[in-house]
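Q: Note that the protein sequences, when read in sequence, are chains A and B. First residue of the first sequence? That's 1 in our numbering, and the numbers climb one at a time after it. First residue of the second sequence? That's 1 in our numbering, and the numbers climb one at a time after it.
Warning: the hint list may mix true and false statements.
Note that the list lumps identical chains together, so a pair holds whenever it fits in one copy or between two copies.
Under the rule of at most 25 Å between Cα atoms (straight-line distance), these lysine-lysine pairs were calculated in the DSS-like manner [stated by the list, open to error]:
{"hint": "1", "residue 1": "Lys43", "residue 2": "Lys116"}
{"hint": "2", "residue 1": "Lys43", "residue 2": "Lys90"}
{"hint": "3", "residue 1": "Lys116", "residue 2": "Lys50"}
{"hint": "4", "residue 1": "Lys209", "residue 2": "Lys90"}
{"hint": "5", "residue 1": "Lys90", "residue 2": "Lys182"}
The hints are simulated quantities; they were obtained by calculation from the structure and are not laboratory data.
Protein chains: 2
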Amino acid sequence: MPIGVVLVEPRYPENIGAVARACANFGAERLVVVNPQNLDWTKIRAMATKGGQEFVDKMRICSSLEEALSSFNWAVASTARLGTHRKVYKTLREIAPDIAAKAKNNRVALVFGNEKWGLSNEELFLCNDAFTIPTAGYSSLNVAQAVVLTLYEVFCAASNVKVEKPKLATYEEQQQMYDRIKELCEVIGYVPHDNVPLWMSSIRRFLSKMELTSREARMVQGFCRKMIDALRRRDGV
Amino acid sequence: MPIGVVLVEPRYPENIGAVARACANFGAERLVVVNPQNLDWTKIRAMATKGGQEFVDKMRICSSLEEALSSFNWAVASTARLGTHRKVYKTLREIAPDIAAKAKNNRVALVFGNEKWGLSNEELFLCNDAFTIPTAGYSSLNVAQAVVLTLYEVFCAASNVKVEKPKLATYEEQQQMYDRIKELCEVIGYVPHDNVPLWMSSIRRFLSKMELTSREARMVQGFCRKMIDALRRRDGV
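The shape of chain A in the complex, shown without the other chains (with noise of 0.2 Å):
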């Protein structure tokens, strides 16, 4: 399955090695680490096993957690906090044939904080999407045992995949949208001042609800353009 697990800022070298291991046990296709903060490769080959050796080898390893969705598709993050701004509404069991799905011909990217915090809120509104694991009261998951869990969800849930889901914009695609939509909203003076990566959420998670294609993407980044260019000419800059 074209899946990349995205670690951010992961503390310890052992989980490293047990996502690859969980990556070659259920079929994704890549691990990315952004800003390890201890890349000990004895300890994570170690808990890489057998199985996950070839992972290792070609972990990538960003210094951005925009770098290392730039070629993905979609990306999905995995969330234990459950804010009002975080607006997470899904369990992993619910999204996982979603991303199965969309994984048949889109690169999905499955985005895990690191073991003390989590995602930030920022990191959260770089996703598409987002879900949470339920657990019995004690809800601090190991971050490999919590990629164990939704590859194996996605894992089980591909075998159940019926119809394609449509080739989406990559991240990169989206992110150029994402900057020009950004870009004349600060024009038009539609930004607010206070909080502007929650206002940008807001409308990542709108236009995420559209599953944008590449051409679609595209289309809203020109229209955004044409629109800043006829302000600024209407302004006379």
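Given chain A, put chain B in place with the hints provided.
A: Just chain B, lined up with the frame of chain A:
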């Protein structure tokens, strides 16, 4: 849930700790270990994190799987190896609703083998039922991750449980019954000499289908005793 996780001869203290944490995450009742190879409490407690400490505190340590299972009503084994003798026909997802339903009013043991070899045939045969976790090719799951997947599936299935299952015989009551059945089989010359555990496992799987209550197990046991007595009287022993 009255669910116990039984680890048979775990090699690494980190795995015991990770399992304790998983017990807290998904509402299991207790943790039992059989002949642990390494009880480094510092490592166990570090991996158990805050939520898992109580499971470490009250962890039961046994010297045999029989002893570990004695107070349970139903034991289900997890296995990755699927030899012809092992007769494992259910996936975790298929068996989870049954485990959740039984756990409404029975103590259910989930039995996991050693990191290197898993469960032996003899250990597998001590259990009432068995399941396997489907994977994508590389089937070697870390034992703590197998426990997490299992508890998660049972936890999800438990929220859908409608009807209560009957209160079953305890493992000890079952064992007494099987001991008597074995004795009877020996008296009447009905035990193949080449593989007694396999023979007894066939009987166990056969009778497990009936999901015997305490009363029924005692009845079968009493019937066997009467048969043995009658046969011995006839033979003038």
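Q: Between the shortest in-copy and the shortest cross-copy C-alpha distance, which are at most 25 Å for lysine 43 and lysine 90: within, between, both, or neither?
A: neither (34 Å within a copy, 35 Å between copies)
Q: Between the shortest in-copy and the shortest cross-copy C-alpha distance, which are at most 25 Å for lysine 209 and lysine 90: within, between, both, or neither?
A: within (14 Å within a copy, 37 Å between copies)
Q: How do lysine 90 and lysine 182 come out at 25 Å by Cα distance, when the copy is not named: within, between, both, or neither?
A: neither (27 Å within a copy, 52 Å between copies)
Q: For lysine 116 vs lysine 50, is the C-alpha pair at or below 25 Å within one copy, between two copies, both, or neither?
A: Between. Shortest inter-copy distance 13 Å satisfies the 25 Å Cα cut-off; intra-copy 28 Å does not.
Q: First find the shortest C-alpha distance between lysine 43 and lysine 116 inside one copy, then the shortest across copies, and answer within, between, both or neither for a cut-off of 25 Å.
A: both (19 Å within a copy, 19 Å between copies)
Hints 2, 5, counting from the list given before, are not met by this structure.
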